[in-house]
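Using the sequences plus the hints, can you model the full thing?
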Amino acid sequence: MLKIKNLHASIQDEKQKTKSILRGIDLHVKPGEVHAIMGPNGSGKSTLANILAGREEYQITQGEMWLDGQNLMDLPPEARATAGLFLAFQYPVEIPGVNNMYFLKAAVNSVRKQRQLPPLDAMDFLTLIKSKMKEVGMDEKFLNRAVNEGFSGGEKKRNEILQMLMLEPKLAILDETDSGLDIDALQSVAKGVNSLRDPNRSIVVVTHYQRLLSYIVPDVVHVMVKGQIIKSGGKELALELEEKGYGWLNENVEQV
Amino acid sequence: MTNQYLKQIVNKNYQYGFITAIESETFAPGLSEEVIRQISKLKNEPEFMLAWRLKAYQHWLTLSPPKWAHVNFPEIDYQNIIYYSAPKVKKDGPKSLEEVDPKLLETYKKLGIPLHEQGRLAGVAVDAVFDSVSVATTFKTKLAEAGVIFCSFSEAVQEHPELVEKYLGSVVPYRDNFFAALNSAVFSDGSFVYIPAGVRCPMELSTYFRINAANTGQFERTLIIADRDSHVSYLEGCTAPMRDENQLHAAVVELVALDNAEIKYSTVQNWYPGDEEGRGGIYNFVTKRGACRGKHSKISWTQIETGSAITWKYPSVILQGDHSVGEFYSVALTNHRQQADTGTKMIHMGKNTRSTIISKGISAGFGQNTYRGLVRVLPQAQGARNFTQCESLLLGDTCGAHTFPYIEVKNPTAKIEHEAYTSKIGVDQLFYCRQRGLSMEDAVCMIVNGFCKRVFNELPMEFAVEAQKLLEVSLEGSVG
Numbered sequence: 001m002l003k004i005k006n007l008h009a010s011i012q013d014e015k016q017k018t019k020s021i022l023r024g025i026d027l028h029v030k031p032g033e034v035h036a037i038m039g040p041n042g043s044g045k046s047t048l049a050n051i052l053a054g055r056e057e058y059q060i061t062q063g064e065m066w067l068d069g070q071n072l073m074d075l076p077p078e079a080r081a082t083a084g085l086f087l088a089f090q091y092p093v094e095i096p097g098v099n100n101m102y103f104l105k106a107a108v109n110s111v112r113k114q115r116q117l118p119p120l121d122a123m124d125f126l127t128l129i130k131s132k133m134k135e136v137g138m139d140e141k142f143l144n145r146a147v148n149e150g151f152s153g154g155e156k157k158r159n160e161i162l163q164m165l166m167l168e169p170k171l172a173i174l175d176e177t178d179s180g181l182d183i184d185a186l187q188s189v190a191k192g193v194n195s196l197r198d199p200n201r202s203i204v205v206v207t208h209y210q211r212l213l214s215y216i217v218p219d220v221v222h223v224m225v226k227g228q229i230i231k232s233g234g235k236e237l238a239l240e241l242e243e244k245g246y247g248w249l250n251e252n253v254e255q256v
Numbered sequence: 001m002t003n004q005y006l007k008q009i010v011n012k013n014y015q016y017g018f019i020t021a022i023e024s025e026t027f028a029p030g031l032s033e034e035v036i037r038q039i040s041k042l043k044n045e046p047e048f049m050l051a052w053r054l055k056a057y058q059h060w061l062t063l064s065p066p067k068w069a070h071v072n073f074p075e076i077d078y079q080n081i082i083y084y085s086a087p088k089v090k091k092d093g094p095k096s097l098e099e100v101d102p103k104l105l106e107t108y109k110k111l112g113i114p115l116h117e118q119g120r121l122a123g124v125a126v127d128a129v130f131d132s133v134s135v136a137t138t139f140k141t142k143l144a145e146a147g148v149i150f151c152s153f154s155e156a157v158q159e160h161p162e163l164v165e166k167y168l169g170s171v172v173p174y175r176d177n178f179f180a181a182l183n184s185a186v187f188s189d190g191s192f193v194y195i196p197a198g199v200r201c202p203m204e205l206s207t208y209f210r211i212n213a214a215n216t217g218q219f220e221r222t223l224i225i226a227d228r229d230s231h232v233s234y235l236e237g238c239t240a241p242m243r244d245e246n247q248l249h250a251a252v253v254e255l256v257a258l259d260n261a262e263i264k265y266s267t268v269q270n271w272y273p274g275d276e277e278g279r280g281g282i283y284n285f286v287t288k289r290g291a292c293r294g295k296h297s298k299i300s301w302t303q304i305e306t307g308s309a310i311t312w313k314y315p316s317v318i319l320q321g322d323h324s325v326g327e328f329y330s331v332a333l334t335n336h337r338q339q340a341d342t343g344t345k346m347i348h349m350g351k352n353t354r355s356t357i358i359s360k361g362i363s364a365g366f367g368q369n370t371y372r373g374l375v376r377v378l379p380q381a382q383g384a385r386n387f388t389q390c391e392s393l394l395l396g397d398t399c400g401a402h403t404f405p406y407i408e409v410k411n412p413t414a415k416i417e418h419e420a421y422t423s424k425i426g427v428d429q430l431f432y433c434r435q436r437g438l439s440m441e442d443a444v445c446m447i448v449n450g451f452c453k454r455v456f457n458e459l460p461m462e463f464a465v466e467a468q469k470l471l472e473v474s475l476e477g478s479v480g
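Each protein sequence line maps, in turn, to chains A and B.
Take the first sequence: its position 145, counted from the start at 1, is 145 in my numbering, and no numbers get skipped.
Take the second sequence: its position 379, counted from the start at 1, is 379 in my numbering, and no numbers get skipped.
Treat the hints loosely; a few may be bogus.
[To be verified] Here are the simulated EDC-like pairs of lysine to aspartate or glutamate, each with C-alpha atoms no more than 20 Å apart in a straight line:
id, chain 1, residue 1, chain 2, residue 2
1, B, LYS424, A, GLU56
2, A, LYS113, B, GLU441
3, B, LYS424, A, GLU149
4, B, LYS453, A, GLU149
5, B, LYS453, A, GLU94
6, B, LYS424, A, GLU94
7, B, LYS424, A, GLU14
Simulated from the structure, these hints should not be mistaken for lab results.
Below, the structure written as structure tokens:
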């Protein structure tokens with residue numbers, strides 16, 4: 001489903017100095033698999049998630065990215081989205097004055113159009129969204145609020161998962177969706193994600209902590225440090241990291 | 001990358017830029033006492049009108065154009081403007097729609113104006129002003145049954161001179177400012193509304209203004225009087241052909257609300273804004289003011305300003321009556337080389353008077369957008385309250401937003417709140433929308449519309465939709 005080959009990326013800081021962030025990422029996620037990417041702060045996990053979604057501030061200096069046989073490099077963010085890539089944001093963005101339901105409906109119908117499906121009519125949409133809201137434990141009043149405006153941290157994350165359930169992506173990338181969640185919210189988020197597990201769908205979970213992975217059990221765990229994946233393993237690797245921290249892996253990091 | 005997309009989105013063409021080939025009766029350019037006498041004579045005006053015009057003219061001669069606004073333009077040659085141009089008619093002017101030149105009706109059709117009753121938006125009565133004269137007013141009969149007077153200003157001068165004499169210049173005196181004085185001297189037509197006591201006007205009233213003839217100034221005057229316990233909602237729309245020269249539009253609008261009366265005045269201003277390089281376009285120098293004369297009266301201005309090369313207008317409310325309410329809701333968009341200096345004045349004189357100001361400025365391209373507002377609380381205005389919120393949205397980094405709020409409080413019981421902020425259209429917001437599958441164009445429109453929502457909510461339903469579309473068109477290809 002997702003293939004990344006030798007991906008290098010950098011960003012220019014305020015002083016116009018180029019800082020390299022990804023230094024040769026290789027990743028292959030098959031349909032039906034859930035991969036977790038773990039690693040300390042600043043290791044480039046979120047950058048990878050953002051680059052996959054098409055964020056334009058980064059320069060890709062080398063490498064390739066493919067989604068289901070489609071070269072992502074040539075596609076603007078909206079085309080990646082309609083091709084089935086979904087990013088649950090670490091910091092969901094507020095859009096004042098834009099009704100949450102209206103926003104979601106526009107998004108769903110834009111994706112449906114790409115899949116050559118007719119737009120959902122208002123009644124079908126409402127029935128669908130209400131059932132999905134129940135799944136993620138969201139009150140219906142959030143439908144008529146502005147997108148994420150004045151939502152608590154947990155409400156924003158639930159809203160991300162709601163959008164994901166509505167958009168039914170081929171590849172879902174969750175960027176630290178567990179950060180700042182209490183245990184109830186964590187469970188409903190995990191429940192939402194697990195309901196989406198499917199042989200034809202892949203999920204990439206970016207996280208600091210093992211905690212989320214007790215609820216969303218991954219097939220493969222990768223450890224990323226300083227822009228490289230330095231170790232991959234089964235779900236037990238996450239537990240090992242929880243116990244020992246990241247320090248012991250440092251010898252595996254290639255020096256720049 | 002993002003900026004390029006934005007640029008493409010914000011550049012769409014002005015779709016009302018056509019010219020109607022129509023035979024006009026037009027004066028030679030230039031202004032003099034003689035021209036004013038001519039206008040007055042053509043309109044068969046009573047003596048008091050001519051006398052007032054001439055006083056205004058004499059006063060205007062002593063004034064010089066205001067320089068304080070945050071706008072730049074070459075000096076206007078007032079002797080090079082045509083002060084009167086009217087579509088030619090056989091005798092005294094059209095008595096009914098059948099007598100109106102079909103070409104003119106065609107023009108209005110192109111503009112989407114519901115002049116013919118069958119083509120109308122349900123419940124909207126339209127007075128259409130073409131160049132300098134009012135062409136036709138629909139729905140006269142139905143309004144007359146309710147006792148509402150809605151007619152051209154010229155007709156009001158003939159039919160209701162006592163009302164005109166009593167209220168004309170009572171809110172905006174000819175001495176008020178340079179452009180108001182000019183308008184008072186030369187105005188050729190406009191709309192007149194009188195809502196009798198206790199009447200709720202049975203439909204939305206609407207005026208469309210169109211400048212057609214070249215080098216012509218448009219100087220219309222609107223006067224609306226809401227007698228006690230009455231209510232009226234009024235909407236004006238404006239368009240003009242695309243021309244390389246700038247054209248002057250200097251209108252005056254006066255509103256009077258007596259005890260418990262309410263006037264809601266909405267404007268969708270889409271005069272030709274000039275081209276991308278800033279050639280041509282309308283200079284929109286307008287004085288709009290309402291007086292809440294009675295107790296518990298209310299005047300509400302809502303404006304969507306997307307057109308004009310330069311906009312200079314400050315729809316204001318004088319809160320004389322105790323417990324009266326003034327409101328100002330504004331969306332002003334400047335794209336390409338457009339400049340807008342707009343805002344409001346709320347003058348609190350009565351006790352427990354309240355005012356609300358919500359201003360949204362959007363700048364794109366090389367547009368310059370200024371909010372200028374005054375909240376003044378006089379010593380006798382016990383318990384006055386004001387809430388002001390000014391927000392600016394910048395699309396790109398070559399445009400500008402400016403805020404000049406003035407607050408003068410002379411009564412210690414007043415409560416004044418002021419909020420202001422400027423934001424750039426967020427890269428994060430755009431990316432978020434696009435990640436959900438929305439195109440750049442849809443994302444920009446959605447964010448801008450969300451930004452303006454508070455003001456759109458104040459527009460009558462049909463026009464809220466129109467305003468939203470207009471904003472989208474005005475933004476096309478401009479986000480840079």
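Okay, the hints, checked on the actual structure:
1. B:LYS424 <-> A:GLU56: holds (17 Å)
2. A:LYS113 <-> B:GLU441: Holds. LYS113 (chain A) to GLU441 (chain B) sits at ~16 Å (cutoff 20 Å).
3. B:LYS424 <-> A:GLU149: holds (17 Å)
4. B:LYS453 <-> A:GLU149: holds (14 Å)
5. B:LYS453 <-> A:GLU94: Holds, at about 15 Å.
6. B:LYS424 <-> A:GLU94: Since the Cα atoms of LYS424 (chain B) and GLU94 (chain A) sit roughly 14 Å apart, the hinted pair holds (cutoff 20 Å).
7. B:LYS424 <-> A:GLU14: Holds: LYS424 (chain B) and GLU14 (chain A) sit about 18 Å apart, inside 20 Å.
When the structure is compared with the earlier hints, no violation turns up for any of them.
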